[in-house]
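The hints should help you fit chain B onto chain A, whose structure is shown.
Letter by letter, the chains look like this.
Protein chains: 2
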Amino acid sequence: MSSRQAVPLPKAYRLLNHGPTVLVSSAHGGRRNVMAAAWNMALDFDPPKVAVVIDKSTLTRELVEASGEFVLNVPSRLQAALTLAVGTKSGREADKFSIVGVGGTPAAIVGAPLIEGCLAWLECRVIPEPHIQQAYDLFLGQVVAAWADPAAFSDGRWHFPDQQQRSIHYLSGGTFFATGDSFEVRQP
Amino acid sequence: MSSRQAVPLPKAYRLLNHGPTVLVSSAHGGRRNVMAAAWNMALDFDPPKVAVVIDKSTLTRELVEASGEFVLNVPSRLQAALTLAVGTKSGREADKFSIVGVGGTPAAIVGAPLIEGCLAWLECRVIPEPHIQQAYDLFLGQVVAAWADPAAFSDGRWHFPDQQQRSIHYLSGGTFFATGDSFEVRQP
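Chains A and B supply the protein sequences, listed in that same order.
Residue numbering for the first sequence follows this note's numbering, starting at 11 and increasing by one per position.
Residue numbering for the second sequence follows this note's numbering, starting at 11 and increasing by one per position.
Keep in mind that the hints were calculated from the coordinates and are not lab data.
For every residue, glycine included, the Cβ atom is placed at its ideal position computed from N, Cα and C.
Certain hints may be false.
With a straight-line cut-off of 25 Å between C-alpha atoms, the simulated PhoX-like cross-links for lysine-lysine are [claimed, not checked]: (1) 66/B with 21/A; (2) 21/B with 99/A; (3) 21/B with 66/B; (4) 21/B with 66/A.
Which residues of chain A face chain B? A partial, calculated answer using Cβ under 8 Å [to be verified]: (5) 39; (6) 52; (7) 190.
Cβ-Cβ distance ranges computed for the label pairs, FRET-style [said to hold, decoys possible]: (8) 105/A with 119/B: 44 to 54 Å; (9) 164/B with 141/A: 29 to 39 Å; (10) 173/A with 15/B: 31 to 41 Å; (11) 67/A with 88/B: 35 to 45 Å.
Okay, chain A solo, but in the shape it has when bound (with noise of 0.2 Å):
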C-alpha cells in the first residue's frame, strides 16, 4: 500500500478538482470490482459530494446500487495501463483485481476497498436520486472519508514529485493526458 494521510473533509473537492479520471472500486456481497470513469466531477465543499456517471451495463452498478458505497480512487501515470484495462474489461467476465493485478486494500468508512498504489482515494456513500440513477446512469456520493499519499498531495495542495507520480486525464483509445505544470496566476 502507497502511504497515505487523511484529507481534511472540506479540502476533499480539491482531489478532483483538476478533473482526474478515477478509478471507481465497489463491493458487495462477497463480490468486488473496479472500473475506470472519467466522467466524475466535485459537486460540493462541505459536506463534501462528488458525482460520477456509471453505466447500467457493469458489473459496478450492480454492487454500487446494491451496497449504497463506492470509493474514488485517483490513479497515477504509472498505473494509466490499468486504468485503461480496468476501464474496458468487463468484471462480468472476471475479477479485475487478479486480470489486472489491482491491489485492493479495506477502506475506513466503506466496504469498497482502496486501490493500492493511488495518488488519493474518496470513500463515498450514495446520495440515492433513483431517477437520475436511472435515466442518465449519474451518481451522486458525499465523501465520508478522504486520503492522499502526503508525497503527492498534502496541506490542501498537489505537489507531484515526478513525471510518472501524477494525476492522468483520459481522452479516448489508448491515449492520456498527463497533469501538467502547475501555475500561479493573479486577477488581470
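Showing chain B alone in chain A's frame:
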C-alpha cells in the same frame, strides 16, 4: 474570433473528457454573463450530454434558468487570469464582458455567446431536472452544437500547438494546472 470548425456531435464529449475548467456563458432578456466552472463533466456520448454545477447565488444561474441554454467554453492557458477573474467577480455587480475584456460572439443555435479566444465551445440546452437543480445546483444539458479551434482540436483529437494554447485545470486560489503531455498506453 479565434478560428473555429464544427465538431461532430458524437465526438463532442472529447472536448471535456480530460476534465478542463470551462467558462459558462449565458444570456437572457438583453443581459449576458460568463463564469468559471471547474465542476463540469461529460454525461453521455450521443446525443452528447454534459453536467455542470451552477451556484444559486450567481447571475449565471438566473440567466440559465430563464433561457434554458448555456455555452461551455474551453479556455486556454492564455486566458487563465481571465478565468480566475470571471470565477471571482459577480455579474450582478457589473458586465463581466467589459470588466475583463472577454469578447463574445453569437453562437449558432443558442442565445448565449461564444467566448473569443477559447479552444472549444459546446452549445447546450438545459435538460430540465428541477429537483437536482434545486437540491445540488446541478444542471444537465444536451449539446446541440460543438466547435473547436482546429489548431488545438481536429479529427476528434486534441493536439495543443504549444505550451500556452492548451486547456487548463483549476485547483484553488490562483493555482491551475496546464493540460500536460499526451501519452498512449496499451492494455497490460
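Right, here's what the structure says about each hint:
Taking the CA atoms of residue 66/B and residue 21/A, the gap is about 21 Å. The hint holds against a cut of 25 Å. Restraint check for residue 21/B and residue 99/A: the C-alpha separation of about 22 Å stays at or below 25 Å, so the hint holds. In summary, the hint linking residue 21/B to residue 66/B is not supported, as the alpha carbons are separated by about 31 Å, beyond the 25 Å threshold. Our distance criterion of 25 Å between C-alpha atoms is met by residue 21/B and residue 66/A, whose separation comes to about 21 Å.
At a threshold of 8 Å, the smallest CB-CB gap from residue 39/A to chain B is about 28 Å, leaving the interface hint violated. The interface hint given for residue 52/A is met, as the beta carbon of that residue sits about 5 Å from the closest beta carbon of chain B, less than 8 Å. Nearest Cβ of chain B to the Cβ of residue 190/A: about 3 Å, under the 8 Å cut. The hint holds. The hint said 44 to 54 Å for the Cβ distance between residue 105/A and residue 119/B, and at roughly 47 Å that hint holds.
As the Cβ distance of residue 164/B to residue 141/A is approximately 38 Å, the hint placing it in 29 to 39 Å holds. For residue 173/A and residue 15/B, the hinted distance range of 31 to 41 Å is satisfied, since their beta carbons lie about 32 Å from each other. In this structure the hint that residue 67/A and residue 88/B lie 35 to 45 Å apart at CB holds, the actual value being about 41 Å.
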